[in-house]
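Required output: the full structure, derived from the provided sequences and hints.
For the record, the sequence lines run as chains A and B. So in numbering that gives the first Met the number 0, spot 46 of the first sequence is number 45, and the numbers just go up one at a time. So in numbering that gives the first Met the number 0, spot 200 of the second sequence is number 199, and the numbers just go up one at a time.
It is worth saying that the hints were derived from the structure and are not from the lab. Bear in mind the structure is a predicted one, so any value in this text is a computation, not a measurement. Where a beta carbon is used, it is the ideal one built from N, C-alpha and C, also for glycine. Incorrect hints may appear among the rest.
Chain A stretches covered by chain B per the calculated footprint, using a threshold of three residues with CB under 8 Å from any CB of chain B [unchecked claim]:
| # | stretch |
| --- | --- |
| 1 | 5 to 15 |
| 2 | 23 to 32 |
| 3 | 45 to 57 |
| 4 | 61 to 69 |
| 5 | 81 to 92 |
| 6 | 155 to 167 |
Protein chains: 2
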Amino acid sequence: MANADYPGPILKLITLLRGLPGLGPRSAERMALWLMEQGPSRSGPLAQALGALAHEVAACDECGFFIERAQACELCDGTRRDRSLICVVERAADVLRLERSGAYKGLYHVLGGKLSPLDNVTPEDLRIEALRVRVAQGAAREVILAVGSDVEGEATAGYLADVLSGSGVAVSRLAQGLPAGGALDHVDELTLYQAMNGRRPLR
Amino acid sequence: MANADYPGPILKLITLLRGLPGLGPRSAERMALWLMEQGPSRSGPLAQALGALAHEVAACDECGFFIERAQACELCDGTRRDRSLICVVERAADVLRLERSGAYKGLYHVLGGKLSPLDNVTPEDLRIEALRVRVAQGAAREVILAVGSDVEGEATAGYLADVLSGSGVAVSRLAQGLPAGGALDHVDELTLYQAMNGRRPLR
Chain A
0 MANADYPGPI LKLITLLRGL PGLGPRSAER MALWLMEQGP SRSGPLAQAL GALAHEVAAC
60 DECGFFIERA QACELCDGTR RDRSLICVVE RAADVLRLER SGAYKGLYHV LGGKLSPLDN
120 VTPEDLRIEA LRVRVAQGAA REVILAVGSD VEGEATAGYL ADVLSGSGVA VSRLAQGLPA
180 GGALDHVDEL TLYQAMNGRR PLR
Chain B
0 MANADYPGPI LKLITLLRGL PGLGPRSAER MALWLMEQGP SRSGPLAQAL GALAHEVAAC
60 DECGFFIERA QACELCDGTR RDRSLICVVE RAADVLRLER SGAYKGLYHV LGGKLSPLDN
120 VTPEDLRIEA LRVRVAQGAA REVILAVGSD VEGEATAGYL ADVLSGSGVA VSRLAQGLPA
180 GGALDHVDEL TLYQAMNGRR PLR
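Printed below as a string of structure tokens:
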């Protein structure tokens, strides 16, 4: 006889939970058992929320951020945003980080990732052609590339700058430098180098 | 205007995920967005597995471990297990840890927790009366208390030893191979094996 194991439905849930980002086998098992022990009052609403996700939420055709189906995109609303600016980000979550910073009131464009040949992410996998069309047809005067400053982010920024060259819009990149509250102690040398080169006059 | 936020269905999912053990707000948000970006091929099966949990899985009336509904409990199967031994554990997950250690082939009894006055867990909240009846009516000769070696585990073991005194069965405790303050959760299989083999009588 094989050793005893959890019933099939629990094993299946553990397997699915292990597929989630940031969950290892032990966490997935603990989570599944916790859900089982809590009973339907916990697993039921979670099941419903997950099931509703695909039906009730969609990506805005224009900016790529999430919207509730059949509702207008708040971020693309022409009366409230500065339509002369388009900020390009990798992921939908980046949109909210920028919104919460309060530093930006223009339009957004979610790429859906960054160029990464090692992971087989090519320009066709990202919303780059949609960006080109949007810039060609829209009222944008500046495109701000708010992609990450890692190797793939830099490559993506370079590629986008090429794609947008000749479109007549200014293309800019987020400043790189010291993080807020960061002591020089905790900053790597490349960041320090960039902070030094990007220094700006105080008065 | 308030800052933009995720659509309601995503916010609801994030809230529910934050209630899971081991998930903080950032992890819950990352997980919800990942599920959204992956589309229904990920969230659908997870929703189904969660929904199925309460319908398809139940606790065995006898040992308290999980069984698929309308199926016999493999661990209580009289032909395969040593019915003279009952091993008392706090949680269903502990059963599988002992099974995987290979040190034990008797019956199990899942308490459903441990005595903890601070958390309002009293004897009535645990399957203690069921254990008493089971010992009184069954063929057990020894009850092994495989609860944790933390304060509440020791208190639970002491209480159970009192309840079972006079029932004519030997009561033993896992050897103190368990690290002090350790729950069965965090113990490797070899340590569990040694603890099982070194179990000692309580009285």
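- Can you take a look at whether the stretch 45 to 57 of chain A is actually covered by chain B? Rule is 3+ residues, C-beta closer than 8 Å. holds (count 11)
Original post:
Per the coverage rule (Cβ-Cβ under 8 Å, at least three residues), is the stretch 155 to 167 of chain A covered by chain B?
Top reply: Not satisfied, violated; 0 residues make the cut.
Exercise. Given as covered by chain B, does the stretch 23 to 32 of chain A meet the bar of three residues or more with CB within less than 8 Å?
Worked result: Coverage by chain B holds for the stretch 23 to 32 of chain A (5 residues, Cβ < 8 Å).
Count residues of the stretch 5 to 15 of chain A with a Cβ under 8 Å from any Cβ of chain B, then say if the count reaches three. That given contact holds, which follows from 8 residues of the stretch 5 to 15 of chain A lying within Cβ reach (below 8 Å) of chain B.
(Q) Quick check: do three or more residues in the stretch 61 to 69 of chain A have a beta carbon closer than 8 Å to a beta carbon of chain B? (A) Coverage by chain B holds here, the residue count being 4 at a Cβ distance below 8 Å.
Practice item. Closer than 8 Å, Cβ to Cβ, for at least three residues: run that test on the stretch 81 to 92 of chain A against chain B and report holds or violated. Key: holds (count 3)
Of the numbered hints stated above, the single one contradicted by the structure is hint 6.
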